[in-house]
Amino acid sequence: MSAVVTNGLFWLLALGALVGAGTVALTRDVMRMALGLGVMLLSLAGFFAYYGFGFLALAEVFVYVGGVLILFLFAIMLVHRTTAGRPELESRNRVASIAAAAGLSALLAFMLQPAGSLLGGAGSAGGPAALSRLLLGPMLIVFEAAGALLLIALVAVVVVGGGERE
Amino acid sequence: MSLVLVSCALFGLGLYGTLVRRDIIGILASIEVMLGGPQLLLVGLGASIDHGAGSALNAQGIALVIIVVAAAEAAVGLALVVAVARRTRSTRLDDLTEVKG
Numbered sequence: 001m002s003a004v005v006t007n008g009l010f011w012l013l014a015l016g017a018l019v020g021a022g023t024v025a026l027t028r029d030v031m032r033m034a035l036g037l038g039v040m041l042l043s044l045a046g047f048f049a050y051y052g053f054g055f056l057a058l059a060e061v062f063v064y065v066g067g068v069l070i071l072f073l074f075a076i077m078l079v080h081r082t083t084a085g086r087p088e089l090e091s092r093n094r095v096a097s098i099a100a101a102a103g104l105s106a107l108l109a110f111m112l113q114p115a116g117s118l119l120g121g122a123g124s125a126g127g128p129a130a131l132s133r134l135l136l137g138p139m140l141i142v143f144e145a146a147g148a149l150l151l152i153a154l155v156a157v158v159v160v161g162g163g164e165r166e
Numbered sequence: 001m002s003l004v005l006v007s008c009a010l011f012g013l014g015l016y017g018t019l020v021r022r023d024i025i026g027i028l029a030s031i032e033v034m035l036g037g038p039q040l041l042l043v044g045l046g047a048s049i050d051h052g053a054g055s056a057l058n059a060q061g062i063a064l065v066i067i068v069v070a071a072a073e074a075a076v077g078l079a080l081v082v083a084v085a086r087r088t089r090s091t092r093l094d095d096l097t098e099v100k101g
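So the sequence lines, in the order shown, correspond to chains H and G.
Quick note on my numbering: the first sequence kicks off at 1 and runs consecutively.
Quick note on my numbering: the second sequence kicks off at 1 and runs consecutively.
Everything labelled a hint here was simulated from the structure, so no lab data went into it.
A virtual CB, placed ideally from N, CA and C, is assigned to each residue, including glycine.
There's no promise every hint is true.
[Claimed, not checked] Reference excerpt, derived from the structure (chain H facing chain G, CB under 8 Å, subset only):
#1 24
#2 33
#3 39
#4 42
#5 46
#6 48
#7 61
#8 70
#9 79
#10 94
#11 97
#12 102
[To be verified] According to the in silico footprint, chain H covers these stretches of chain G (three or more CB under 8 Å from chain H):
#13 5 to 11
#14 24 to 31
#15 62 to 70
Working from the sequences, and respecting the hints, build out all of it.
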């Protein structure tokens, strides 16, 4: 790919991620917020593919867009079914929140300046086969712990959300 | 450098949403945005500084673990939201003062 195409793709994905994140932070409509979250997550998946991590991009789409976002939509529909129309989101402490968020992210960007000089183009990522050798080799304990965490979360969700039969 | 700025902006927008929202679902969505920024920077750095040491592969593994943990967090959080809403008929933080000291 030529440099122009690569740069254009990067900024297109960055625009998608930032617009989605801005929608999540700023909109007053809860459905638009869920859509903004979807746009941001898809842009993140696009970034992963941009850096050569095809499997990671696919996992992001499956788990986040296919799982977490649908969970959000179900929660919105379950929770807000009683109120008529779309629920409004309200905000508070606007100025202090802007100051805290802008200050902290500017500080982070300043601290991460040395890392910025290391950033370059996409490297050779290694396909799913290499990833599976990593996950079932050196990272086996982490992998199993993540699986156990998911199982515990599943049980917790059933206990917390499914109880109270009338 | 641009990736650092993008990921810090994502983190900042998520933090702003977390601070400014009054709806629990909005706060959870903002936390997801906040998680996305560092994850993006991790993946970008891992892909960029791979000099045969396998850092790209390690970044991929760590990012996968982040995805799993975030999915578990969102599932438990939303189940709590639904349980709380069933009890109090509201998801606004101002109404959830039952356990206030």
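Going through the hints against the structure:
1. The interface hint given for residue 24 of chain H is met, as the beta carbon of that residue sits about 5 Å from the closest beta carbon of chain G, less than 8 Å.
2. A hinted interface residue such as residue 33 of chain H counts as satisfied when its beta carbon comes closer than 8 Å to some beta carbon of chain G; here the least separation is about 6 Å, so the hint holds.
3. With a cut of 8 Å, the hint placing residue 39 of chain H at the interface with chain G is violated, because the nearest CB-to-CB distance is about 11 Å.
4. Taking 8 Å as the C-beta contact cut-off toward chain G, the hint placing residue 42 of chain H at the interface is violated, the least distance being around 11 Å.
5. At its closest, the beta carbon of residue 46 of chain H sits 11 Å from a beta carbon of chain G; the interface hint therefore is violated under the 8 Å criterion.
6. Because the smallest distance between the Cβ of residue 48 of chain H and any Cβ of chain G comes to about 6 Å, under 8 Å, the interface hint for this residue holds.
7. Here the hint on residue 61 of chain H is broken, as its CB sits about 11 Å from the closest CB of chain G, past 8 Å.
8. Evaluation of the residue 70 of chain H hint against chain G yields a violated restraint, the C-beta minimum of about 10 Å exceeding 8 Å.
9. Hint status for residue 79 of chain H relative to chain G: holds, with the closest Cβ pair at about 4 Å, below 8 Å.
10. Proximity of residue 94 of chain H to chain G holds as hinted, the smallest CB-CB distance being about 6 Å (cut-off 8 Å).
11. Hint status for residue 97 of chain H: holds, given a least beta-carbon distance of 4 Å to chain G, under 8 Å.
12. With 8 Å as the threshold, the beta carbon of residue 102 of chain H comes within range of chain G, its nearest partner Cβ sitting at about 6 Å, so the hint holds.
13. Taking a C-beta to C-beta cut-off of 8 Å, the region 5 to 11 of chain G contributes 6 residues in contact with chain H, enough for the three needed, and the coverage statement holds.
14. With 5 residues having a Cβ less than 8 Å from any Cβ of chain H, the region 24 to 31 of chain G passes the three-residue criterion, so the hint holds.
15. With 7 residues carrying a beta carbon less than 8 Å from a beta carbon of chain H, the region 62 to 70 of chain G meets the three-residue requirement, and the given coverage holds.
In terms of the numbered hints stated before, the structure departs from hints 3, 4, 5, 7 and 8, listed from lowest to highest.
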